Amino acid sequence: MSDRVAICGMGLLGGFGAGRNAACRALGTGGGPNGAVDLGNMEGAASLPAYIADTTLLEQYLNKRLLRRVNRYSKMALLGACLALEDAGCGIPVASDRVGVIIASGYGALSTTFEFLDSMINDGDALASPLLFSNSVHSSAASHLSILLQISGPCLTISQFELSGVAALMTAYDWLADGAADAVLVGAVEEVNSVMSYCYDRFGESTATGTMGEGACFLLLRRETDAVNAQACLERVACPEGSQLKREPGATLVVGDDGQPCCADYYRSLDPGISFASRYGSLPSGQIFDVAFSVLAQQMGIISGRVQSIKADKEGKWGEILIAPRTAPARETQFMDESHV
Amino acid sequence: MEHWPRKKEPVPVTGCGCLCAAGKTLSETMDSLYAGRRGNISFEQVVSTHPIKYPLFALPPEFAPAGYSDAPECERCGRLAIAAATEAVLDAGFAPDALKGRRVGVCIGTTVGSAMNNEGFYREFRLEMRPDVEPIRSFLQANPAAMVARAFSLSGPCMTVVNACSSGTVAIGEAADWIRTGRCDLAIAGGADMLCRVVYNGFISLKITDEAPCRPFDQDRRGLNLGEGAGVVLLESTASAGARNAVPRARLCGYGNACDAYHPSAPHPQAAGLARAFDRALAQAGIQDRDLAFINAHGTGTPENDAAEGHLFSTRFSGIPFSSTKGYTGHTLGAAGGIEAAITIACLEAGQIPGNAGLRTPDPAWEAAPVAQTTAIRGCHAISDSAAFGGNNGAILFERGNP
Amino acid sequence: MDVRQKLKRIIVEELNLEDIHPGDIDNNAPLFGEGGLGLDSLDAVELAVLLEKHFGVAIKDMAKGREVFRSIDTLANYVEANAVA
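Protein chains in written order, with the working numbering: chain A, 2 to 342; chain B, 2 to 404; chain C, 109 to 193.
Hints are computed from structural coordinates only; laboratory data are not their basis. The structure presented is a predicted model; accordingly, all values stated were derived computationally and were not measured. Check the hints yourself; a few may be wrong.
What the hints assert, rightly or not - Here are the simulated DSS-like pairs of lysine-lysine, each with C-alpha atoms no more than 25 Å apart in a straight line: (1) A:Lys315 <-> A:Lys247; (2) B:Lys54 <-> C:Lys161; (3) A:Lys65 <-> C:Lys172; (4) C:Lys161 <-> C:Lys114; (5) A:Lys247 <-> B:Lys101; (6) C:Lys168 <-> C:Lys114; (7) C:Lys172 <-> C:Lys114; (8) C:Lys172 <-> C:Lys161; (9) B:Lys54 <-> A:Lys315; (10) B:Lys54 <-> C:Lys114; (11) B:Lys9 <-> C:Lys161.
Claimed, not checked - Now the stretches of chain A that chain C is said to cover, found in silico as 3 or more residues with beta-carbon under 8 Å: (12) 59-72; (13) 227-240.
As the list claims (entries may be wrong) - Chain B is faced by these chain C residues, among others (derived, beta-carbon under 8 Å): (14) Leu147; (15) Ala156; (16) Glu160; (17) His162; (18) Val165; (19) Met170.
Positions of the beta carbon are idealized from the N, C-alpha and C atoms, including for glycine.
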C-alpha cells in the first residue's frame with residue numbers, strides 16, 4: 002500500500018467553536034470546557050463541565066426547512082461535513098456517486114436514543130415516536146449527510162468506542178486505494194447529554210475521568226495523486242498487533258489521552274507525547290480530531306515534520322496514524338483570523 | 002475513472018455459521034428452509050403494552066448459547082456473534098483456540114448491540130433514583146466485535162458496523178478488503194442482533210410490521226416481523242487456506258455499497274442505490290447479470306422494500322430466480338446480512354434455493370416473482386443483498402467453492 | 109379549540125415546520141407531496157401517532173389512511189367522526 006491519502010479539507014466543531022479559525026485559536030490558548038451539562042433532574046442544580054458544540058452555523062449551508070427532521074447529532078455531522086467541503090473548495094451539495102461517507106461514533110445519537118425512550122415511557126409503547134426512532138439509530142447522521150449533500154457512493158457507520166476513528170480512517174484509506182470512491186468524507190461525531198453527565202459523575206466517584214466533549218470532525222480525503230490542494234497526507238493508518246509501539250523516527254508523538262482512566266497507563270508507558278484533548282474534551286472517536294489538530298499544528302508551525310498519532314482502547318488495542326505535512330506551502334494566509342490579529 | 006469498475010481477487014470463505022429462529026446451526030437452518038418450515042414464532046418474547054401482539058422470530062431457549070439468558074442484556078448480541086463464529090471456525094477446520102496468534106480480524110454488523118438504550122437504567126434515572134451505573138459499564142464492555150475478538154484472543158483489526166439493516170452484508174464486504182489488502186489473513190465477519198422491546202416498539206411505530214407471519218413479495222404483504230440471531234463467515238486469504246489445504250466453501254468475489262441519497266426511512270422506489278451496489282459487486286466479480294444463479298433478496302415484506310426490489314429484479318434481472326428467506330428467520334436487522342450470506346453459500350453448495358415463505362399471490366405490480374418452492378438452480382454465482390434505513394444498500398457476491 | 113386549528117398547530121409544532129404559520133395552512137390544501145405542505149411517508153406515521161395522542165383517534169391501516177391524510181379538512185372530519193367523547 003504505497004498510495005498515500007491526502008487530506009484536502011477539514012471541518013471541525015466542538016467546545017472550541019466551529020471551523021478552522023476557532024480550532025487554530027484553541028490550539029494557541031490550550032482550550033478548556035466551554036459549558037456544563039446537568040446530571041438530569043436528580044441533583045438539583047448540579048452539573049459537570051463539558052465541551053459543547055454549537056450548530057447554528059449550519060443554517061448558512063442548508064436551509065432550515067431541510068433540517069426540520071435533523072437532530073443535534075446529525076446537525077453536528079452535517080456542519081462538520083459542510084465545513085470540510087468548503088475548506089476543500091468543494092461545492093455543496095456534492096451530487097456524486099464517486100464520493101463516500103464514513104462516520105465514526107462511540108455513542109451514537111445519545112439524546113434522541115433517550116428521547117425515544119421518553120416517548121415510550123410518557124405516552125405508552127403504542128405511542129412511541131417513529132420520527133425519534135428513525136433518528137435514534139447510529140447511521141442516521143450518515144443518512145442525512147447522503148440525502149442532504151446528495152452523496153450516493155458507499156456509506157458506512159462504525160461504532161468501536163476508542164478505535165472508531167482509526168477504523169473509519171483505515172476503511173477510507175482502503176476505499177481510496179482500491180477505487181471504491183474518489184473522495185471520502187470521514188468524520189467523528191459524538192454528543193453529550195444528562196445521562197452521560199450522570200455517568201461521568203458516578204464513574205468519577207472512584208477514579209478521575211476526563212471532561213466530556215461533543216462535536217464533529219470531518220476530513221475530506223482523496224488519493225494524493227488526484228489531490229490538487231492537499232493539506233497533509235496520511236502515510237499509514239493501522240491497528241498494529243501487540244502492545245509495543247514502534248516509534249516513527251523524527252515524528253512527533255500525539256497521544257489520544259483524553260483523561261479516561263482505562264487507557265492512562267498505556268499512554269504513560271509511551272514517550273511523552275502531545276495531547277490535544279484539552280481543546281475538544283474526552284470523546285471516544287477523538288483520534289480524528291487528533292488528526293485535524295495535528296495538521297493545523299503542522300500548518301501553524303507548532304509541529305514540524307510528521308506526526309504519529311496513537312489512540313488506545315480499554316483492552317490495550319490501539320490505532321496508529323502517520324501524518325505527513327503538505328510539501329508545497331499554499332495556505333499560510335488562510336487560517337489567520339481578523340479577530341486574532 | 003480508471004480505478005473503477007475493476008475485477009478483484011476472490012476471497013475464500015472456509016467456514017460458515019448461523020443461528021436463528023429457523024435453526025441452531027447452518028445445516029439445521031437449511032433443513033427448515035428446504036422443508037418450507039418457518040422458524041420459531043413467538044408472540045411473547047417481547048413485553049409491550051401495545052394492544053396488538055406482533056409475531057417475532059425468536060430463538061427458542063434450546064438454541065441459545067450457554068449462559069445466554071443469564072448474561073446482561075447488552076452482551077447478548079456479542080454472545081450470539083460468538084456462537085455463530087464458533088460454528089464457522091470449527092467448520093473451517095480450526096480448533097476454537099487455534100486462531101490465537103494468527104492475524105485475524107473481526108467485523109460484525111449490529112443494531113441493538115451498539116445502542117446505549119438500557120431502559121431499566123433510564124427509567125430509574127428519570128425517576129431521580131440515582132441508578133447503579135453497572136449497566137453502562139457492561140455496555141462499554143459489550144461491543145460485539147470486541148467481544149468476539151476477546152473470546153478468540155484475536156488482535157487483528159476489529160470493527161462493529163452500525164449501518165442499520167445492511168450492517169451484516171457491509172461488514173462481510175469490508176472484511177474481505179482487509180484480507181485483500183493484507184491487513185489480516187483471516188476475518189470473522191457477519192452480523193448479530195437480538196430482539197429488544199425498544200426496537201420492537203420502534204418498528205411498530207413506523208407501521209411496517211405485519212400482524213401475521215410476514216409475506217415477502219406477496220400482493221397482500223403488510224410488513225416485516227422482527228427476528229434475532231447471528232450469521233458469520235470465516236474469510237481467509239488464498240495463501241492461508243492453501244497452506245493448510247483448506248477447501249473453500251465459497252469465494253467472496255464482489256461487494257457493492259451505495260446510497261440512495263433519497264429519504265430517511267423509505268427506499269428509492271426504483272432501487273437506484275441498490276442497483277449501483279449490484280453493479281459494483283458484479284464488476285468486482287467480473288461477471289454479467291445473466292451469470293447469477295440466484296439472488297437472496299432482502300425481501301422484508303414491507304410494501305416499499307419489496308416494491309423497490311421487485312422493480313429491480315423485473316427490469317434488470319429478469320429470469321434470475323430469487324427468494325427472500327425472511328419468512329423463515331424474520332428480519333434480524335444487523336444480523337440479516339450475516340445469516341443470509343451463510344444461507345446463500347449453503348444454497349450454492351446444494352444447488353437449490355428455498356421457496357419464498359409466505360408467498361400466496363405474487364404482487365402483480367411487477368413481472369418477476371420469487372420462487373414459491375424449493376427450486377434447483379444452475380450456475381455458481383449468487384448475490385445476497387440488503388437495504389437499510391436511510392437508503393444504505395449492500396450487496397455481496399459469492400462463487401461456489403468448487404465451480 | 110377548533111379541531112382544525114388544533115390540527116394545524118400540532119402539524120406545525122410537532123413536525124417542525126418552523127417557517128409556516130398555522131393560520132396560513134389552507135383547510136383544503138394537500139398536506140403531502142408537491143404543491144402542498146410537502147409532508148412525506150415518515151411525517152405520515154408520526155402524524156398517525158400524534159392523532160392518537162392528541163385526539164385518541166387511531167389509523168390502523170396507512171394505505172387506507174391516505175385519504176384521511178389528504179388535507180386538514182379530511183383529517184378534521186375523520187377526527188370528529190371517530191373521536192371518543
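Outcome of the hint check:
no. : hint                  : verdict
1   : A:Lys315 <-> A:Lys247 : holds (20 Å)
2   : B:Lys54 <-> C:Lys161  : holds (20 Å)
3   : A:Lys65 <-> C:Lys172  : violated (32 Å)
4   : C:Lys161 <-> C:Lys114 : holds (13 Å)
5   : A:Lys247 <-> B:Lys101 : holds (22 Å)
6   : C:Lys168 <-> C:Lys114 : holds (22 Å)
7   : C:Lys172 <-> C:Lys114 : holds (23 Å)
8   : C:Lys172 <-> C:Lys161 : holds (20 Å)
9   : B:Lys54 <-> A:Lys315  : violated (41 Å)
10  : B:Lys54 <-> C:Lys114  : violated (32 Å)
11  : B:Lys9 <-> C:Lys161   : violated (54 Å)
12  : 59-72                 : holds (count 4)
13  : 227-240               : violated (count 0)
14  : Leu147                : violated (12 Å)
15  : Ala156                : holds (7 Å)
16  : Glu160                : violated (11 Å)
17  : His162                : violated (16 Å)
18  : Val165                : violated (14 Å)
19  : Met170                : holds (5 Å)
Taken one by one, the earlier hints fail for this structure at numbers 3, 9, 10, 11, 13, 14, 16, 17, 18, listed in ascending order.
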